[in-house]
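K.L.:
Please build the complex by placing chain E on the supplied structure of chain U, with the hints as guidance.
Line by line, the protein sequences are chains U and E. Start counting the first sequence at 6; every next residue gets the next number (the numbering used here). Start counting the second sequence at 6; every next residue gets the next number (the numbering used here).
Hints listed in this document are in silico derivations from the structure and should not be mistaken for laboratory results. Not one of these hints is a red herring.
Under the rule of at most 30 Å between Cα atoms (straight-line distance), these lysine-lysine pairs were calculated in the DSSO-like manner:
id, chain 1, residue 1, chain 2, residue 2
1, U, K241, U, K180
2, E, K276, U, K241
3, E, K276, E, K200
4, E, K276, U, K180
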Amino acid sequence: LSVLCPDQPAEAPGKGRGGKPDVWLVYWIFPGFYAVFGVIICLLTRVTPPPRPDVTAADKVAFFTQHGTTIQIGFGILLILLGGAAVTNGIIAYHMKRMSVGSVFAYGYIGGMGVGALPGFLLITACFLAAVYRPDRDPELQSLLYDLGMLSYNGSLGCFSAAYFALAIAILYDKNEIFPRWFAYVSIWQIITEVIATQMFVFDAGPFAWNGSLAFWWSVVVFSIWLCALIALLEKATAREPSDSPPLD
Amino acid sequence: MELAAGDRINLGVAAIMMRLPAVAEAFGTVTTNLRETGSLPARLVELVRLRLAFHNQCRSCMSVRYQRAIDDGLTEDMVCSLERPAEAPGLTTADRSALRFADLFATDHLAIDEAIYDDLRQHFTEDQLVELGLHCAIAVGVGRLTATWDVIEDVPDEFRAASGMPVAPWDGGVGLIKLQILEQAQDLPTAGNIKAQWVSLWTAPVVAAVLLLAFVAFPGFWPPMSPRLSADQVAAFYGEHTAWIRFSMVTYNLCGIMILPFFMVIVVQMKRMQTQSHVFAYCYLTAVVSGATIFALSNIFFLVAAFRPSRNPDLIMLLNDLAWIVFIAPVGMVVSQFLLLAIAVYYDRGPHPVFPRWVGHLSLATAVAMVPAAGAAVFQTGPLAWDGAVSFWLRNGAFALFVIVMFFVLRNTIRRQAIDDGVAR
Numbered sequence: 006l007s008v009l010c011p012d013q014p015a016e017a018p019g020k021g022r023g024g025k026p027d028v029w030l031v032y033w034i035f036p037g038f039y040a041v042f043g044v045i046i047c048l049l050t051r052v053t054p055p056p057r058p059d060v061t062a063a064d065k066v067a068f069f070t071q072h073g074t075t076i077q078i079g080f081g082i083l084l085i086l087l088g089g090a091a092v093t094n095g096i097i098a099y100h101m102k103r104m105s106v107g108s109v110f111a112y113g114y115i116g117g118m119g120v121g122a123l124p125g126f127l128l129i130t131a132c133f134l135a136a137v138y139r140p141d142r143d144p145e146l147q148s149l150l151y152d153l154g155m156l157s158y159n160g161s162l163g164c165f166s167a168a169y170f171a172l173a174i175a176i177l178y179d180k181n182e183i184f185p186r187w188f189a190y191v192s193i194w195q196i197i198t199e200v201i202a203t204q205m206f207v208f209d210a211g212p213f214a215w216n217g218s219l220a221f222w223w224s225v226v227v228f229s230i231w232l233c234a235l236i237a238l239l240e241k242a243t244a245r246e247p248s249d250s251p252p253l254d
Numbered sequence: 006m007e008l009a010a011g012d013r014i015n016l017g018v019a020a021i022m023m024r025l026p027a028v029a030e031a032f033g034t035v036t037t038n039l040r041e042t043g044s045l046p047a048r049l050v051e052l053v054r055l056r057l058a059f060h061n062q063c064r065s066c067m068s069v070r071y072q073r074a075i076d077d078g079l080t081e082d083m084v085c086s087l088e089r090p091a092e093a094p095g096l097t098t099a100d101r102s103a104l105r106f107a108d109l110f111a112t113d114h115l116a117i118d119e120a121i122y123d124d125l126r127q128h129f130t131e132d133q134l135v136e137l138g139l140h141c142a143i144a145v146g147v148g149r150l151t152a153t154w155d156v157i158e159d160v161p162d163e164f165r166a167a168s169g170m171p172v173a174p175w176d177g178g179v180g181l182i183k184l185q186i187l188e189q190a191q192d193l194p195t196a197g198n199i200k201a202q203w204v205s206l207w208t209a210p211v212v213a214a215v216l217l218l219a220f221v222a223f224p225g226f227w228p229p230m231s232p233r234l235s236a237d238q239v240a241a242f243y244g245e246h247t248a249w250i251r252f253s254m255v256t257y258n259l260c261g262i263m264i265l266p267f268f269m270v271i272v273v274q275m276k277r278m279q280t281q282s283h284v285f286a287y288c289y290l291t292a293v294v295s296g297a298t299i300f301a302l303s304n305i306f307f308l309v310a311a312f313r314p315s316r317n318p319d320l321i322m323l324l325n326d327l328a329w330i331v332f333i334a335p336v337g338m339v340v341s342q343f344l345l346l347a348i349a350v351y352y353d354r355g356p357h358p359v360f361p362r363w364v365g366h367l368s369l370a371t372a373v374a375m376v377p378a379a380g381a382a383v384f385q386t387g388p389l390a391w392d393g394a395v396s397f398w399l400r401n402g403a404f405a406l407f408v409i410v411m412f413f414v415l416r417n418t419i420r421r422q423a424i425d426d427g428v429a430r
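For reference, chain E alone in the conformation it holds in the complex:
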């Protein structure tokens, strides 16, 4: 069945090539000779061909499995393991070496140096190296040509183009509207991972709504309390608005840190970035934790001030100062968090980046927008004071905007991971 489909696709390609009959015939001779006189295992040649077909996004090439390779032991498990050849248990070191060569050949051929060839020489003869090189050359060149000819009449449905997303031989399909974990994949650990991320992601809008409510409810935010108020005015404010201050700040206390699962989804996604060591992810995790700890302190100061508004006004003012300074000014942890995410996105240079590059730009811009708020610990008037346009509105607005945009980015990212992991379609 697969063979028949594959033959029809090959015939389709050949039919187009037959516009130059002499060339088509000679080309057929080359490929036939390469196949029949070569000494590389058919299984390996097929793995290399499929990996290159993926790089080429050649749908017809990906849908085909050559019978010769199946006879030689090729299984669909092996094809699936092509997603991450470096980690696949079913592949031999020779397979991995050849696949690495193929990856570089398709994506960064100038990086193929003597060290790469020396590595191949541990597994293959010089003749086989020439053979492997020719297979790659034909697969990349002709594969890309075939992709542009778009021979898809005989391509199985799941390999047909559905959206701009890349298709892979290890994919079931693409372009879903909502995340639906497949019945047969429910018990896989990968499905558990996807579900956990999905739940954590969806805590964000709930928590954000609660925090927005607390934000609106705090009388000291409309407008933000001026640092120029006297001690008596500050004490009077806490005396008048005790109930709303308590409601708002208890809500922050209880729910503020519940935004962490959302950022942990980002950590998990950073750890999926293939072309980096994940050191950024661990730095990011530490920054998130320390930043959240600092945030958690500020509402305690607000609440202690509101606990006994009749206290000496100087003490109320001190608590209010500490509350505002700790709330607005210590931006360093959050800034480094955004910078680390930006750098990680820029270093994610593989063929399938986890996040689009503009997420790096957004993260960088958010970091820059939040930096000036450190001035809130120094200035009592102007845009940098804690009630200023920059320290209060730009800082908090940039953070909120990032969370909102990132929610939608992560939603798409998790969906794509679910498809890549084969637990959704």
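Bound-form chain U, shown alone:
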């Protein structure tokens, strides 16, 4: 063979690293989306770390006035890019379907996360943009949009808990070792933070408020660990998939 085609390169580029090109493409959207999302929520729209719940309507109006332009830029971009969330959910569901436990947990994950997009960040986007859209609105209404947005964004608990639950159980039962078992326990910790966060609907100050040390900061720590681990684990899972394995059922 080598006599007939002596010019053939010894090693094609990309060899040695497994995985399928389309899964890699989707994989790279995952950290990309969360990087942009992080810039939007932390630097532009200022919803993370969250503004205080225990302020007057006038303070909330001042918040919208002060950050009006960056809220419009940040959430305007998010309106276009929010489909990135669907892609990040899709790749996890894809790898869950590769587990030995069948498709039920993967579909559960898609269901929970698919529902979560609306209360989880679309509603705060709509509320904050509507508030900034007419800054001269009645301060009581601006205050309502502020509370509705923040409570929906920080307080959408069940859709994500359901998805984390499906993920954790799937990992624990899986025999194909798509994700390591310890990641199931990190996912269960995510559920615990969601349970603690229920208290933000009761308290407007202190550790259980939506900006509190337990309801918010503890959740941020766990979520950050979960997210960073997931990015690393997805890379491994994607690389370990044989590139010539048949498409999923």
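P.N.:
This is chain E only, laid out in the frame that chain U set:
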């Protein structure tokens, strides 16, 4: 019977080749020696030959079955399983390895590297590898030549050219006008799949007609309500047009999400794409669901505003703002849906793509056309405002156009799948 037809076709080919008598004779010697002194099973050689005949679209080659192979155990079930050799239960791993080599040989021969040969070596001797290679070389080269000579007088009817669509040995026929599930295939699971897709597809024109009616009936769309209206003007609008607003938005509420089965047909078709992992299909499914959820919220805001038009006008205006912003601006899910479909079409690089490539271009163009509508949450005047030419008409027009075009694309795609699955002709 089959043998006789096959012989006549071979004679037809040979008759043309006889214009160069010495070459024809020598070529006959080569093929005869290859057949008779080779050690590969006749069954395997025949499977490889038929698979290559399909790649070549050589109709006369596909219509023939060699008796030697039938004697060696070749069945029509095996021929049918050639459609997806990787999944076929009746094939051995050696068969699959050889068929994979043949596929690459016909479609992407430079991809045949030492790894492919090492895989073959697990099943075949070095002599057999040479034999397999020569069979492939002759089948691809001479097969393509024969295809151009078009020897079809003796070809059974179902293999005759009917349209531009590819013919396959596992096909019954081609070129049907409407989908007619075969009587004997009615109870097959594949027939159920086709019927479900067909019904889901046909919900689209019905739902689209209802939604168009609701669109025409909404007084706030003709022209689209201006964001510059004062709170009192907005409240007055809801007071004057309460009945039509309710009719239109209740219709959207009830029927808007019924467009989902149509998009689920696209998901099913994306999952038929052979040269990709289907990760796009799952991302697409999630995007469709989330996008629909967002759409479902907007008509609630319209309806709550129309529920008590006598409410404080500031509240009516707030509900109206939220309704319009949620209706027009959150394009991200739909945009990603169209981008994912486009990428999936571009990655569908096999010999039988599910959708034509231009569907990818159309999907991409639709995504691009919808992106600027995100500006509706920010701008109160100009083309990007929610009543603007770009945010309202281009956004909604592009979406509607895509659904209409895709309806016809899917209709053809499902028909072709029905034929490929052997449940229609």
